[in-house]
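Undergrad: Sequence:
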Amino acid sequence: MDLYSVVCVRDRATSQRWFEAFFGRPADEIIGEEYLWQVGENAWIVIDDRQVRAARVGGTMITLGVTGLDDILARLAAHGIEHEPVETYGNGVRHVDVLDPDGNSLSLAEMPAQ
Numbered sequence: 003m004d005l006y007s008v009v010c011v012r013d014r015a016t017s018q019r020w021f022e023a024f025f026g027r028p029a030d031e032i033i034g035e036e037y038l039w040q041v042g043e044n045a046w047i048v049i050d051d052r053q054v055r056a057a058r059v060g061g062t063m064i065t066l067g068v069t070g071l072d073d074i075l076a077r078l079a080a081h082g083i084e085h086e087p088v089e090t091y092g093n094g095v096r097h098v099d100v101l102d103p104d105g106n107s108l109s110l111a112e113m114p115a116q
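Residue numbers for the sequence shown follow the numbering used here, so the first one is 3 and each next one is one higher.
Source of the hints: derived by calculation from the structure; they are not laboratory data.
Keep in mind it's a predicted model, so treat the numbers as computed, not measured.
Treat the hints with caution; some may be incorrect.
[Claimed, not checked] Here are the computed distance ranges between Cβ atoms for each label pair:
id : residue 1 : residue 2 : range
1  : Ala111    : Tyr6      : 15 to 25 Å
2  : Met113    : Asp13     : 28 to 38 Å
3  : Met113    : Pro87     : 13 to 23 Å
4  : Asp4      : Arg55     : 11 to 21 Å
Ideal Cβ placement from N, Cα and C applies to all residues, glycine included.
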């Protein structure tokens, strides 16, 4: 199974720069007007600013499982990307919400070290 999560944005150029900083690289693929970042073997995050998507801007919520959360947050800070406070759940998972320029939520979650 493949997963394509579409993040509806107002302005592709602005969002493209933000997502490049968020992922630390340019889009892995461009298909028509959609920019895609591969986040897993068969999983992609897509930004799309076409008018047909306008009503959905700002409504995306995605959580990505990561390792090296502190390093990722330092890299984001170096690009001026802010985040909510990091929470630690009872099971040891560290979680933080990061909002893109349109208010879409890309959360990062890191499992505790074993």
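Undergrad: Hints numbered earlier in the text: which of these fail when held up against the supplied structure?
TA: Hint check: nothing fails, all pass.
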